[in-house]
Amino acid sequence: MSLVELIAQADERGLSVSGLACLDRCVPLLGGDDETLRPLWASLAEDAAADDWTQRLEQTRGKLDGAADGDAVALAHRMLTTAPAERSAPALREWAHACSVAALRIHRILDGADPAEDATDTVDAPREGRTEGMSPLVAAELRRQITVLEVLAGHGPAGLRRALEVSTEGRRVLVAALSRRSRRDG
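Residue 152 in our numbering sits at position 152 of the sequence shown; the count goes up by one each step and never skips.
Calculated from the structure, these hints are not laboratory results.
Quick caveat: nothing in here was measured; it's all calculated off a predicted structure.
Just so you know, nobody snuck in bad clues.
Now the in silico label distances, taken between C-beta atoms and shown as ranges:
#, residue 1, residue 2, range
1, ARG78, SER182, 14 to 24 Å
2, ARG61, PRO136, 27 to 37 Å
3, ALA42, ALA91, 14 to 24 Å
4, PRO136, ALA50, 35 to 45 Å
5, GLU169, GLY129, 15 to 25 Å
6, ASP69, HIS155, 36 to 46 Å
7, ARG172, GLU150, 14 to 24 Å
8, GLN59, GLU132, 40 to 50 Å
9, ALA74, GLU94, 13 to 23 Å
10, ALA49, ARG184, 37 to 47 Å
All C-beta atoms in this analysis are idealised placements derived from N, C-alpha and C, irrespective of residue type, glycine included.
With the sequences and hints as input, model every part of the structure.
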(Lines of atoms letter the chains of each structure in order from A; the text may use other names.)
(Lines give C-alpha, C1' and ligand atoms only; values in the text may rest on other atoms or scores of the structure.)
Protein backbone atom coordinates (compact mmCIF):
# COMPACT_ATOMS: atom_id res chain seq x y z
CA MET A 1 0.00 0.00 0.00
CA SER A 2 1.33 3.47 -0.82
CA LEU A 3 2.01 6.12 1.81
CA VAL A 4 -0.87 8.24 0.49
CA GLU A 5 -3.25 5.27 0.91
CA LEU A 6 -1.96 4.55 4.43
CA ILE A 7 -2.57 8.16 5.48
CA ALA A 8 -6.04 8.08 3.92
CA GLN A 9 -6.95 5.00 6.01
CA ALA A 10 -5.32 6.06 9.30
CA ASP A 11 -7.35 6.91 12.40
CA GLU A 12 -6.76 9.97 14.61
CA ARG A 13 -3.97 8.33 16.60
CA GLY A 14 -2.26 7.07 13.43
CA LEU A 15 -2.46 10.51 11.84
CA SER A 16 -1.14 12.20 15.00
CA VAL A 17 1.75 9.76 15.22
CA SER A 18 2.50 10.06 11.50
CA GLY A 19 2.84 13.85 11.65
CA LEU A 20 4.63 13.80 15.00
CA ALA A 21 7.11 11.16 13.83
CA CYS A 22 8.02 13.26 10.77
CA LEU A 23 8.51 16.31 13.01
CA ASP A 24 10.48 14.24 15.53
CA ARG A 25 12.90 12.99 12.87
CA CYS A 26 13.49 16.60 11.76
CA VAL A 27 13.57 18.26 15.22
CA PRO A 28 17.40 18.57 15.25
CA LEU A 29 16.98 21.25 12.57
CA LEU A 30 15.05 23.26 15.18
CA GLY A 31 17.63 22.75 17.91
CA GLY A 32 15.72 19.92 19.59
CA ASP A 33 17.08 16.64 20.90
CA ASP A 34 15.83 13.15 21.76
CA GLU A 35 13.70 14.43 24.64
CA THR A 36 12.16 17.54 23.07
CA LEU A 37 9.01 15.88 21.74
CA ARG A 38 8.63 13.18 24.44
CA PRO A 39 5.74 15.05 26.12
CA LEU A 40 3.84 15.08 22.81
CA TRP A 41 4.49 11.36 22.31
CA ALA A 42 3.17 10.74 25.85
CA SER A 43 0.00 12.69 25.04
CA LEU A 44 -0.81 10.04 22.39
CA ALA A 45 -0.70 7.14 24.86
CA GLU A 46 -3.94 5.29 25.49
CA ASP A 47 -4.24 6.58 29.06
CA ALA A 48 -3.44 10.25 28.29
CA ALA A 49 -6.02 12.93 29.09
CA ALA A 50 -7.92 14.36 26.13
CA ASP A 51 -6.41 17.84 26.44
CA ASP A 52 -2.78 16.67 26.92
CA TRP A 53 -1.99 17.07 23.22
CA THR A 54 -3.08 20.73 23.13
CA GLN A 55 -1.21 21.73 26.29
CA ARG A 56 1.98 19.88 25.38
CA LEU A 57 1.94 21.18 21.81
CA GLU A 58 1.89 24.76 23.08
CA GLN A 59 4.74 24.03 25.50
CA THR A 60 6.77 22.46 22.70
CA ARG A 61 6.15 25.40 20.39
CA GLY A 62 7.42 27.69 23.14
CA LYS A 63 10.64 25.70 23.40
CA LEU A 64 11.34 25.45 19.68
CA ASP A 65 9.70 28.52 18.23
CA GLY A 66 12.78 30.20 16.84
CA ALA A 67 13.61 31.93 13.61
CA ALA A 68 13.75 29.68 10.57
CA ASP A 69 17.08 29.88 8.73
CA GLY A 70 17.42 27.92 5.52
CA ASP A 71 14.96 25.89 3.47
CA ALA A 72 15.20 22.66 5.48
CA VAL A 73 14.80 24.51 8.78
CA ALA A 74 11.83 26.46 7.41
CA LEU A 75 10.13 23.21 6.39
CA ALA A 76 10.70 21.69 9.85
CA HIS A 77 9.46 24.85 11.52
CA ARG A 78 6.29 24.76 9.42
CA MET A 79 5.61 21.19 10.60
CA LEU A 80 5.64 22.48 14.19
CA THR A 81 3.61 25.63 13.63
CA THR A 82 0.90 23.94 11.57
CA ALA A 83 0.26 21.07 14.02
CA PRO A 84 -3.44 21.21 14.87
CA ALA A 85 -4.21 22.09 18.47
CA GLU A 86 -7.32 19.89 18.39
CA ARG A 87 -6.93 16.26 17.42
CA SER A 88 -9.64 15.92 14.78
CA ALA A 89 -9.22 13.50 11.87
CA PRO A 90 -9.62 16.07 9.05
CA ALA A 91 -7.07 18.51 10.51
CA LEU A 92 -4.67 15.72 11.45
CA ARG A 93 -4.93 14.12 7.99
CA GLU A 94 -3.99 17.42 6.34
CA TRP A 95 -1.10 17.85 8.80
CA ALA A 96 0.12 14.27 8.33
CA HIS A 97 0.21 14.76 4.54
CA ALA A 98 2.01 18.11 4.89
CA CYS A 99 4.55 16.66 7.36
CA SER A 100 5.20 13.70 5.08
CA VAL A 101 5.93 15.98 2.11
CA ALA A 102 8.04 18.34 4.23
CA ALA A 103 10.13 15.51 5.72
CA LEU A 104 10.81 14.04 2.26
CA ARG A 105 11.76 17.49 0.93
CA ILE A 106 14.08 18.03 3.90
CA HIS A 107 15.82 14.74 3.16
CA ARG A 108 16.13 15.71 -0.53
CA ILE A 109 17.74 19.01 0.50
CA LEU A 110 20.15 17.23 2.86
CA ASP A 111 20.99 14.88 0.01
CA GLY A 112 22.10 17.84 -2.10
CA ALA A 113 18.97 18.61 -4.14
CA ASP A 114 18.41 22.23 -5.10
CA PRO A 115 15.60 23.54 -2.84
CA ALA A 116 14.52 25.99 -5.56
CA GLU A 117 13.86 23.08 -7.94
CA ASP A 118 10.18 22.13 -8.22
CA ALA A 119 10.09 19.10 -5.96
CA THR A 120 6.38 18.33 -6.23
CA ASP A 121 6.70 15.25 -8.41
CA THR A 122 9.92 14.14 -6.75
CA VAL A 123 8.12 13.70 -3.42
CA ASP A 124 4.58 12.99 -4.62
CA ALA A 125 5.61 10.10 -6.86
CA PRO A 126 7.29 8.10 -4.06
CA ARG A 127 4.38 8.80 -1.71
CA GLU A 128 2.11 7.24 -4.34
CA GLY A 129 4.35 4.18 -4.72
CA ARG A 130 6.59 5.16 -7.66
CA THR A 131 10.05 4.94 -6.09
CA GLU A 132 12.49 4.63 -9.01
CA GLY A 133 15.41 7.04 -8.94
CA MET A 134 15.11 8.00 -5.26
CA SER A 135 18.27 8.68 -3.31
CA PRO A 136 19.01 6.30 -0.41
CA LEU A 137 18.38 9.05 2.17
CA VAL A 138 14.94 9.88 0.76
CA ALA A 139 14.07 6.20 0.28
CA ALA A 140 14.91 5.48 3.92
CA GLU A 141 12.71 8.37 5.08
CA LEU A 142 9.85 7.06 2.94
CA ARG A 143 10.27 3.57 4.46
CA ARG A 144 10.19 5.04 7.96
CA GLN A 145 6.97 6.94 7.21
CA ILE A 146 5.32 3.79 5.86
CA THR A 147 6.56 1.67 8.77
CA VAL A 148 5.13 4.08 11.34
CA LEU A 149 1.68 3.96 9.75
CA GLU A 150 1.76 0.18 9.29
CA VAL A 151 2.78 -0.37 12.92
CA LEU A 152 -0.04 1.83 14.19
CA ALA A 153 -2.59 0.23 11.84
CA GLY A 154 -1.52 -3.27 12.90
CA HIS A 155 -1.03 -2.74 16.62
CA GLY A 156 -3.05 0.36 17.59
CA PRO A 157 -1.85 2.10 20.76
CA ALA A 158 0.59 -0.75 21.43
CA GLY A 159 2.48 0.29 18.27
CA LEU A 160 3.34 3.69 19.72
CA ARG A 161 6.64 2.49 21.23
CA ARG A 162 7.79 0.97 17.91
CA ALA A 163 6.80 4.15 16.05
CA LEU A 164 8.94 6.14 18.48
CA GLU A 165 11.87 3.75 17.92
CA VAL A 166 11.58 4.19 14.14
CA SER A 167 11.49 7.95 14.61
CA THR A 168 14.52 7.95 16.91
CA GLU A 169 16.49 5.95 14.32
CA GLY A 170 15.48 8.44 11.64
CA ARG A 171 16.49 11.39 13.81
CA ARG A 172 19.97 9.90 14.17
CA VAL A 173 20.20 9.43 10.41
CA LEU A 174 19.23 13.08 9.91
CA VAL A 175 21.85 14.24 12.42
CA ALA A 176 24.48 12.21 10.55
CA ALA A 177 23.34 13.73 7.24
CA LEU A 178 23.57 17.23 8.75
CA SER A 179 27.08 16.45 9.99
CA ARG A 180 28.19 15.19 6.56
CA ARG A 181 26.68 18.23 4.91
CA SER A 182 28.41 20.65 7.27
CA ARG A 183 31.79 18.94 6.68
CA ARG A 184 31.20 19.05 2.93
CA ASP A 185 30.10 22.72 2.96
CA GLY A 186 32.51 23.85 5.68
